[in-house]
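Chemist: Dock chain B against chain A, hints included.
Chains A and B, in that order, are what the protein sequence lines are.
When we follow the UniProt record's numbering, the leftmost residue of the first sequence carries the number 1, and every step to the right adds one.
When we follow the UniProt record's numbering, the leftmost residue of the second sequence carries the number 1, and every step to the right adds one.
Hints are computed from structural coordinates only; laboratory data are not their basis.
In this text the structure is predicted, and so the values were computed from the model without any measurement.
Some hints could be false.
[Unchecked claim] Cut-off 30 Å, straight-line C-alpha distance, at most; resulting in silico cross-link-like pairs (DSS-like, lysine-lysine): (1) A:15 x B:248; (2) A:168 x A:75; (3) B:99 x B:111; (4) A:205 x B:122; (5) A:168 x B:111; (6) A:168 x B:205; (7) A:122 x B:205; (8) A:275 x B:275; (9) B:15 x A:87.
One letter stands for each residue in the lines below.
There are 2 protein chains.
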Amino acid sequence: MEIKISEITKKFGKKQILNGVSLTIEPNRIYGLLGRNGAGKSTLLNIITDRIFANDGTVTIDGVSTHEHDELLGKIYLMSEVNLYQKRVRLQELFKASKIMYGGFDETYAKHLCEAFELNPKLRFGQLSTGYRTIFKLIIALCLPVDYVFLDEPILGLDANHRELFYKELLDTYSSHPRTFVISTHMIEEIANMIEHVFVLENGKILVDDDVDHMLSQAYVITGPGETVDQYTEGLNIIGTESLGNLKGNYVFGSLNDDREIPDTVQISRMDLQKLFIHLTSGGGTGK
Amino acid sequence: MEIKISEITKKFGKKQILNGVSLTIEPNRIYGLLGRNGAGKSTLLNIITDRIFANDGTVTIDGVSTHEHDELLGKIYLMSEVNLYQKRVRLQELFKASKIMYGGFDETYAKHLCEAFELNPKLRFGQLSTGYRTIFKLIIALCLPVDYVFLDEPILGLDANHRELFYKELLDTYSSHPRTFVISTHMIEEIANMIEHVFVLENGKILVDDDVDHMLSQAYVITGPGETVDQYTEGLNIIGTESLGNLKGNYVFGSLNDDREIPDTVQISRMDLQKLFIHLTSGGGTGK
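Excised from the complex, chain A in its bound form (with noise of 0.2 Å):
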């Protein structure tokens, strides 16, 4: 059971929002959905669940059309910045109605949850802080019954040891009951241990679809004295520059020249997931 994403268009006005998305969401992975500030990510999750149309394109399960056949959807969760609670319920009835629309809730999971992250079920949504509220979105996404949870910037307001916890449970309750997660987020070096693959959305398009590994055995930073490194790394994929008085850091991207030897002074390290995405996508914000 794949999700397929084919040629997804989106405009807002006169904005285009994605302009022909791809992409394949394979059965129990953990995916990295990742892009700047307006790159399109929230807009592509709202149309993969169906909560809002695409101008043009498709999106199928098994290849039937999920937007068709809308108990397809009951597969499917996105956790996002939205808050759809009516603020005077308790949580304790959330929980319950989560498992009556969804057919089926664990229950003894929320609770353990609930312990854990020291949330009081008996409080009303209205009452819970902006971390709590995102704490509580991510119980009901880990505990309902569902083959792909989408999880729109699921740390929004959480502290370090909350958010240490959300990742934690997140591996724990993905090995003792596999399914798909896709996690969109800015804090890119927090999740990077915990993706396999990952898509990054430019502009309304995809900029990369590939295994986290891959990605990384492909990026280096190369640093020594600033002529010695331009010559080294001349006619290679330069993804960015940053100096340091003399010294100089060229990011490249793609394959080393292996003929070319190395200069004493000049040295080859790695880099990390989020200084990647950083040189991939640094041509700029939105405008808003």
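Modeler: Relative to chain A, chain B alone:
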């Protein structure tokens, strides 16, 4: 010129938010103000900048109470999550208004920052996304002629590229024109290299008031086979523990026992600031 906070207490209703907080903020330093959600960080910043009143205690600049001499508040700026601006007003007008209120504003630097962040100053405040509202408020904070800049969660909604640009600009403006920055954030690892001194608030009290280097010099992770690790760390100040199969890691804060021989199977390594914070404050959240 230093800011002295003495024995500040604050209650909201029956809830004690701050409980006898004392600390000193010196000129031309970069501080981190850390704490779990609900620890009282924003309340403390609002009291220092006289936006709300304390129930008890004083805030003085060189011995003079800021509450009684509000011309001193012109030396201090707080950038917070609250949006104080009218949505229909253009950013360039808001820059002018800030200049009038604070008796100065670095227009050249504001222009540079708008270009670097690709923010069009002709836009109206209401047209900006969450991320760009944060960027606009950061520009104000960096361009005002104040001696103390307090930044409450300054990276809310910023993508990785914009966060990196902000850290770079903050260090640039700090070195060309030294003043004090107090940064309150949950993204501890990202600011760890910038801050010299850290305050950790927990349950309304100061838990740590220390230089970052000194703190980290006392923070160790001892890993190896569970029993050996426990034996070696017996009697030390263990602030956390993790396990992986038969292996165990004990997080120690304080001095190691130098008389004890280090077993061959045991490794001692350093902790980063975020891990140290997590283990120091793992008593739990505040419920909401």
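Chemist: Which of the listed hints are broken here?
Modeler: 1 and 5
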